[in-house]
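Peer 1: Please build the complete structure, drawing on both the sequences and the hints.
Respectively, the protein sequence lines represent chains B and S.
The opening position of the first sequence corresponds to residue 1 in the UniProt record's numbering, with each subsequent residue numbered one higher.
The opening position of the second sequence corresponds to residue 1 in the UniProt record's numbering, with each subsequent residue numbered one higher.
Some clues are possibly wrong.
[As the list claims (entries may be wrong)] No more than 25 Å apart at the CA atoms, straight line, and that leaves these computed lysine-lysine pairs for PhoX-like:
#1 S:Lys-471 / S:Lys-82
#2 B:Lys-14 / S:Lys-23
#3 S:Lys-25 / B:Lys-23
#4 S:Lys-14 / S:Lys-154
#5 B:Lys-381 / S:Lys-23
#6 S:Lys-169 / S:Lys-82
#7 B:Lys-23 / B:Lys-174
#8 B:Lys-14 / B:Lys-25
#9 S:Lys-25 / S:Lys-82
#10 B:Lys-174 / B:Lys-82
#11 B:Lys-102 / B:Lys-471
#12 S:Lys-14 / B:Lys-381
[To be verified] Partner residues aside, some chain B positions facing chain S, computed with beta carbon under 7 Å:
#13 Arg-411
#14 Pro-455
#15 Gln-459
#16 Leu-465
[Claimed, not checked] Where chain S lies over chain B, by a calculated footprint (3+ residues, C-beta under 8 Å):
#17 40 to 50
#18 427 to 437
By construction, these hints were calculated from the structure, which means they are not laboratory data.
The beta carbon of each residue, even a glycine, is placed where N, CA and C say it ideally should be.
Listed here are the chains, written in short residue letters.
Protein chains: 2
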Amino acid sequence: MNPSKQEIEAILDKAQLAFVETKAKAIDERLTLMHAVADEIEALGPELIAVAGEESNLPEGRLVGEKARTVFQWRSYAEALKRGDSLDASIDTANAERTPPKPDLRKTNIPLGPVAVFGASNFPFAFSTAGGDTASAFAAGCPVVVKGHPGHPKTSTMMAQAIARGVAKSGFPKGMFSHVLSNSYEAGQWLVTHPVIKAVGFTGSYQGGMALVELGNNRPDPIPVFAEMGSINPVFLLEEKLKLSGAELATAYVGSLTLGVGQFCTNPGLLVAVDGPELDAFIESLTTAIEGAAPAMMLHEGIAKNYLHNKELVTSQEGVEILARAAREASEGQGSPTVASVMGTEFLHNEHLQEEVFGPFALVVKCKDAQEMEQVAARLKGQLTCTLLGTEADLTQYARLIAQVQIKCGRILFNNFPTGVEVVKSMHHGGPFPAASDGRFTSVGADAIKRFTRPFSYQNWPDALLPDELKNANPLGIYRMVDNVRSTAPIA
Amino acid sequence: MNPSKQEIEAILDKAQLAFVETKAKAIDERLTLMHAVADEIEALGPELIAVAGEESNLPEGRLVGEKARTVFQWRSYAEALKRGDSLDASIDTANAERTPPKPDLRKTNIPLGPVAVFGASNFPFAFSTAGGDTASAFAAGCPVVVKGHPGHPKTSTMMAQAIARGVAKSGFPKGMFSHVLSNSYEAGQWLVTHPVIKAVGFTGSYQGGMALVELGNNRPDPIPVFAEMGSINPVFLLEEKLKLSGAELATAYVGSLTLGVGQFCTNPGLLVAVDGPELDAFIESLTTAIEGAAPAMMLHEGIAKNYLHNKELVTSQEGVEILARAAREASEGQGSPTVASVMGTEFLHNEHLQEEVFGPFALVVKCKDAQEMEQVAARLKGQLTCTLLGTEADLTQYARLIAQVQIKCGRILFNNFPTGVEVVKSMHHGGPFPAASDGRFTSVGADAIKRFTRPFSYQNWPDALLPDELKNANPLGIYRMVDNVRSTAPIA
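Peer 2: See below:
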C-alpha cells in the first residue's frame, strides 16, 4: 500500500526491462501467456465472488457473469491475435527492375511499450485489474502496471496475483505485470509521467480521465491516454413507434435504466421525443415502472453521494420537473430510480442538462416537433451510444436526425438498449469527446488491442530476422496483404 | 490572400455542410472524386512545373517525378478504398437463442469530419496542397481546408484549382475543398481551433508542428493533429560491413545525404560506427565524396539561413570537428554539403547534437565499442527511420543494438538508404515522438487514410439503411470479418 516514488520507479524499470526482453518472444508465446492468465482467473473460486461482493455491493449472479466475461476477454483477444487481426501484417515485395529499384517493405504492429492501467469501480473484474485494458495490452505485447481501484483493493489484489501466476507459468519475466495500491493522487501521476510508460488505459469519470490526459499531453514526449469517461446515451423515441408500442417500450426502457443500479457508462440517461398525448401515455407507463422499481445499494458511498448531488444539480435547473421516483424509500448508500422531464427549448440553451448523473436517473426531453429533435441532437456532446426507437418508416422519415445523431456517437442502436456491451470485434465502445478522450479507439472487443500498438516497417530486412508474421513462409498462417492482395499464401 | 476571421468561418461552415451532405454518398462516388482529382492534376502541363520550379528552386526532373508520385497517391488511395482496406468492415451476426439474445453488430470506419491541412515546402506537390494529407482525407470522406504554404503560393493555387475542378466534375459540393492563402499566424490558429475541424495534417518543423498540436490539445474538444516533424535518421555502420565495403558505402551514403540538397525529413544526418582504422578509411572516402559534392540552391532563403544557423549550432558544440566541406564555395541561398564528427562520449551527454540540421549535413559519431553504440541508440529521440549497414553476421552480433534501435523508429532499413519513401501499404512514414506527434499513424501509403476515420458500430440496424460495406449482400465485394472469419461472401 502507498509505495514511495522510488518504489514505483523500481517497478517501472522492471517493466521496461521486461519490454525489451520480451520483444523477441514470438506471437505463440504471447498466446500461451494470455490463456495462462485466463486459466488462473477461471480457477479463482467463490472466495473471489465473496470478496468482490463485499467490496462492490454487486450481487453474486452479476459477479459470476462478469468473471466469465473477463475470462472470455482474455481468450477472445488471444484468438484475435492468433488470427493476426491486430497485426495488420502487410508486405510489398521488391522490384529490382524498376528505376530506382523498389525495395522490399513489410509492416506489422509492434507493442508501444509499458502501459499504465487505471481500473473502474463499476466492473471490478471486466474493467479493472484483470480487465480489458490489461488483456489488450498483453495481447499487444506490452508490460502492464495497474493502479488498483481503491474501491476494491482486495479484489484487485486477488486478480493481480492470478495475473502474476499466469506470467510466471508461461515463462515471461516478472516485470510483465505489476500491481500498485495507493490512496495518493501522486502515485498515478508518477506512473503517467514516467518516461518508461508509453500509453495509459482508464475507465471512469470525466474529471479523473482528463487529469490523466493532461498529464499525458504535457510530458516531454506526449503519450496516448485512452480514457473512457461515460456519457448520457440519448434515446430518440420516434413518432410511429411511440404511437404503436409506447407502453411496452416504457417498461423495457426502465429495465435498461435501472439495470445494475444504473451504474453503467452506457446507461440511457436521456430520452428525447415529440410532445403530445402519445408521449403523455408513454410517461404514464414510465411513471408506473419507475415507482415500482426498487432502490438498491450503489458501488460505494462516494458514488451514492455523487448520484444524489448530480441528480440535484440537473433537477434544480430551470424548467426541470420530476416525473417519478421509486415508491420505496432509499436507505443510506442506495440509489433511487428517478425520472424528470424538461422542454426541448430549455435543453437547447442549458448545458447542465447534459451532465452525466451516474445512477438510475433519466431526463425526458419533450420536443415540440421533429425539427426540435434535430436541434437537440445537434447540441449533444459526444456519446458512447445513441439509440433510435422507431419503425422502419420512422427511420426513413427521420433521416436528417439520424445523420446528425451519427456524428455524435460511437455506436447507434435500433430498437435495442445500450447497456449490454458485447465483447466482439464489431463492437465500438468509445465515442467522440467527451465520451472518450480518443473516439478512434475502442476499449471493448479485440480491436482494443490496437490501442497499444504502433505500425513498424522493415525495409530489405533479412527474412530470418523478420517477426513470424512477416516471414516469407507465413509460419503463423495468417491473412496478410501481399502486394495489395489479401492472402494466407507463403511468398515464393 | 489573408482572409479575415469571418471569411475563414464562412469557409468552415461550408465544409461542415459538405460533410453532412456527403455522408450519405456511397464509396463509389468517393472513388470517382479521387480519380477526378487525379485526372485534373495529371492534366496540369509544363506551366505547373515551371511555376513550381520558380517557387521552390527544385529541378524540372525532380518536379516531374513528384507530380507523377502525387497522381499515384490519389489513385492508389482510391484503390485501397475500393478494396475496403481503410474500412476494416466487420460483422458479428445475431444469436436469438442466447440468454440474453446476442444483437447484430456491424462496424466500419467513418470520416472524422472536416480536416485542416498544412503543407510542407520541400514537396510542393506530394506533401502540399494536393498531397498525401488531402488525398487521404478525401479517401476517408472528409472535406479539406488547406492553408497553402507561403513558400509556393502560385503552385498551391494551381493545385487548389485542379482539386476544385475534380470536386465539381464528380458532383460533390463546393465545400468539400477550400484553399486559404495567408501570411498571418492567426489564420492557421482559426482553422485548428474552430469546432468544425476534427483533425489536422501537417508536415514541417518541430516548432510549427508542436504549435498546432498544442492548439489541438487545448480545444474544449481536443482533436488529433498529425504532425510529421522530421528527424536525423541515424545510420549504424556495423563492424564487418565497415571492413568489407567501407569505401563504396561512403559514396552511396553521401549520395543519399546530398539528394535534393538534403531537404528530406528522412535525410540520414547521423552516422554511428566504432572508431578505428576501418572508420578512418571510411571517413577518408566520405571526405573525398563530400568535397566533390556540389552546393545547390535550397528551397527558399529562410531554409538556407536555418541550415547555416543549425549547422553552426551543432558544429560549435564541444568536441565536434568538421571533417569535410564541399570544395566549391556556396553562393547565397545554396546549401553546402558538410560532414562533422564527435566522440560517442560527447554525444551521450549533449542533446544539442541530436538537433535536426535540415540540409546536406551529417554528424559522424565515433564510438569506442559496440556497447557504446548501444548507449547511443538508447539515448536517441524518436526517429522516422534508422538504418543498419551490415553483413548478416553483423545483424546477429548486434542483436541488442537492433532491439534498442527498433524502439526508437518507425522504419528500419538494412543496407539501403532512407531517403526514398515508397507509396505502398507497407510503408510506415511516422515514428515515435518527436519524429511525429503521433507515431501510431503513417502519412505515406494508403494506411494514411486511417488518420481521418473513426470506427462506428451499428447495432440491430436495418440492412437497407446500412452503408454498402456492411450490407448482407456485400455489394462492394470487399473482404470483411464475419463472425471472426475473413470473407467476401454475402450473408444469407
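Peer 1: All hints are to be evaluated individually against the structure, with a verdict given for each.
Peer 2: Evaluation of the provided hints:
1. With a C-alpha separation of about 16 Å, the suggested pairing of Lys-471 of chain S with Lys-82 of chain S holds against the 25 Å cut-off.
2. Distance hint between Lys-14 of chain B and Lys-23 of chain S is unfulfilled; the C-alpha atoms sit about 48 Å from each other, more than 25 Å.
3. A hinted pair counts as satisfied when its Cα atoms are at most 25 Å apart, and Lys-25 of chain S with Lys-23 of chain B does not qualify at roughly 44 Å.
4. The hinted pair formed by Lys-14 of chain S and Lys-154 of chain S meets the criterion: a straight-line CA distance of about 24 Å does not exceed 25 Å.
5. About 19 Å separates the Cα atoms of Lys-381 of chain B and Lys-23 of chain S, which keeps this hinted pair within 25 Å; it holds.
6. Taking the CA atoms of Lys-169 of chain S and Lys-82 of chain S, the gap is about 20 Å. The hint holds against a cut of 25 Å.
7. Restraint check for Lys-23 of chain B and Lys-174 of chain B: satisfied, since their Cα atoms lie roughly 15 Å apart, inside the 25 Å limit.
8. A C-alpha spacing of about 17 Å is found between Lys-14 of chain B and Lys-25 of chain B, which places the hinted pair at or below 25 Å, so the restraint holds.
9. With a CA separation close to 14 Å, the supplied pair Lys-25 of chain S and Lys-82 of chain S stays within the 25 Å bound.
10. For the hint pairing Lys-174 of chain B with Lys-82 of chain B, the CA-to-CA distance comes to about 24 Å; that is within 25 Å, so the pair holds.
11. For the given pair, Lys-102 of chain B sits about 19 Å from Lys-471 of chain B by alpha-carbon distance, which is consistent with the 25 Å threshold.
12. A C-alpha spacing of about 21 Å is found between Lys-14 of chain S and Lys-381 of chain B, which places the hinted pair at or below 25 Å, so the restraint holds.
13. Against a cut-off of 7 Å between C-beta atoms, the interface hint on Arg-411 of chain B holds, since the closest Cβ of chain S lies about 4 Å away.
14. With 7 Å as the threshold, the beta carbon of Pro-455 of chain B comes within range of chain S, its nearest partner Cβ sitting at about 4 Å, so the hint holds.
15. Taken as an interface hint, Gln-459 of chain B checks out: its beta carbon lies about 4 Å from the nearest beta carbon of chain S, inside 7 Å.
16. Annotation: Leu-465 of chain B was flagged as interfacial toward chain S, and the flag holds, the nearest CB pair being 6 Å apart, inside 7 Å.
17. Under the rule that three or more residues need a Cβ within less than 8 Å of chain S, the assignment of the segment 40 to 50 of chain B is violated, with 0 such residues.
18. Under a criterion of three residues with beta carbons nearer than 8 Å to beta carbons of chain S, the stated coverage of the segment 427 to 437 of chain B is upheld, 7 such residues being counted.
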